[in-house]
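Asks: Residue numbers (numbering that gives the first Met the number 0): 0 to 117.
Note that these hints are calculated values from the structure, not bench results.
Treat the numbers as computed from the prediction; the structure is a model and nothing was measured.
One or more hints might be untrue.
[Claimed, not checked] Calculated lysine-lysine pairs in the PhoX-like style (CA-CA distance at most 25 Å, straight line):
id, residue 1, residue 2
1, Lys1, Lys85
2, Lys71, Lys90
3, Lys99, Lys83
4, Lys1, Lys77
5, Lys90, Lys1
6, Lys85, Lys99
7, Lys17, Lys83
8, Lys17, Lys71
9, Lys77, Lys99
10, Lys90, Lys77
11, Lys17, Lys85
12, Lys99, Lys71
13, Lys71, Lys85
14, Lys83, Lys71
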Amino acid sequence: MKFLEVISVPVSNQEVSKQFYLTIGFEVIIEAPMGDGNTWIQLGIPGQVTSISLVTWFTQMQPGGLAGVVIKTEDIEKDVAELKAKGVNIKDIDPTPWGKFATFYDPDGNSFVLREGE
């Protein structure tokens, strides 16, 4: 094994979710029809290996059911301010002995955690 390549993010509306992720700085890697009316939409943070796919076809994955995906940041105060300015639902920074954290949510309620620290 080498690295995590794609994390499936369960969403109710791929277009709404795609616009959200583009707004916060992700870029489209692939957007292509898969058949059966499904579309593969894969996005990622520029320059990173791991990406996300906006999925609607996994019945066991309900929209909003993803939690705890951690995104490393070098300047959490700056990133939180930028996300808030873009209207993102983000909690206040939680300073802990092991780093600073701030949780934010996509339109379906999937949660991601910004983390600054060693």
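Asks: Next, verify each hint and record whether it holds.
Replies: Hints versus structure:
1. With a C-alpha separation of about 34 Å, the suggested pair Lys1 and Lys85 falls outside the 25 Å cut-off, and the hint is violated.
2. At most 25 Å may separate the alpha-carbon atoms for a hinted pair to count; Lys71 and Lys90 meet this at roughly 16 Å.
3. With a C-alpha separation of about 17 Å, the suggested pair Lys99 and Lys83 falls inside the 25 Å cut-off, and the hint holds.
4. A threshold of 25 Å between alpha carbons decides the hint, and for Lys1 with Lys77 the separation of about 31 Å lies outside it, so the pair is violated.
5. Pair hint Lys90 plus Lys1 does not hold up; C-alpha atoms about 33 Å apart against a cutoff of 25 Å.
6. At roughly 21 Å between alpha-carbon atoms, Lys85 and Lys99 fall within 25 Å of each other, so this suggested pair holds.
7. Proximity of Lys17 to Lys83 is assessed by CA-CA distance (about 18 Å); at most 25 Å being required, the pair is judged to hold.
8. With a C-alpha separation of about 21 Å, the suggested pairing of Lys17 with Lys71 holds against the 25 Å cut-off.
9. Pair hint Lys77 plus Lys99 holds up; C-alpha atoms about 13 Å apart against a cutoff of 25 Å.
10. A C-alpha spacing of about 14 Å is found between Lys90 and Lys77, which places the hinted pair at or below 25 Å, so the restraint holds.
11. The suggested pairing of Lys17 with Lys85 holds, with an alpha-carbon distance near 15 Å, which does not exceed 25 Å.
12. At most 25 Å may separate the alpha-carbon atoms for a hinted pair to count; Lys99 and Lys71 meet this at roughly 10 Å.
13. A C-alpha spacing of about 19 Å is found between Lys71 and Lys85, which places the hinted pair at or below 25 Å, so the restraint holds.
14. The hinted pair formed by Lys83 and Lys71 meets the criterion: a straight-line CA distance of about 18 Å does not exceed 25 Å.
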